[in-house]
Amino acid sequence: MRLFLGGGRVSRPGCSCWSGGRGRGELGDSETKRYSWPVYVTTARRVAQCPAAVLVVLCPDPDEAGKCRRLIRTGHPGFDLAPIVIDSSGPPGAGKEGGPYLTVFAASMGGIDLETEAGARRVLDAMASPQVAEADRFRMTTIILRLASDAARHLLEAMMTTSEYEKTFIEKIHDEGKSQGIAEALLRLMSARGRTPAQAQQTRVPSGTDAAQLDLWCDRAVTAATAAEVFAD
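The numbers in our numbering rise by one with no breaks, and the one at position 14 of the sequence shown is 118.
Since the hints were derived computationally from the structure, they do not count as laboratory data.
Every residue, glycine too, gets a C-beta built ideally from N, C-alpha and C.
One thing to keep in mind: the hints can contain errors.
With beta-carbon atoms standing in for the labels, derived distance ranges [said to hold, decoys possible]:
1. A332 with E270: 18 to 28 angstroms
2. Q305 with F242: 17 to 27 angstroms
3. L320 with T146: 53 to 63 angstroms
Full structure from sequences and hints, please.
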């Protein structure tokens, strides 16, 4: 179970201040949280100097989540805290609504059954959505496959190899691996010729996912007199 606090600064409306943590003993002690959680909210509000602060509780156990949802009465008129609790029985994105990121979040919380074809398809469709950046898609795929049970992982991997998803998942991963290999070869070639790139130039190489660009740099590295000539625009 995790607690998250957030609030936006008055002076900077577009800026939010978030903190997260894992409270051990108090999370299993309903009496302790009745005194500590209101303090967390008021403290976050004071630190962020914002008009509103929220407490969000991530709790995979539905039974424990039910206890966390209980209204906390402080005794002060109008100051009762109703924690926002997300559990595996109904996390955001578990229904038909919500974007691809919420759908993947729901799956990671156990709110979508990945051992069924319908559940696996929902998550694959979400990760394949054009709304998801390539880097995020790779991270999502890694996370979901690690969290999935053996049965779910086998189902997901089998579906990824079908014509419906192969281009999005298998071919993209292959292309990324090809680019990584070219990038490593480029750096080795430049080092062997005494043209070791500066730190700023090196940072451009691993981030380059365009195999054609990497090929061009490799061609230049064969005859370039300096590292700067290799990366010239």
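Which of the listed hints are not met by the structure?
1
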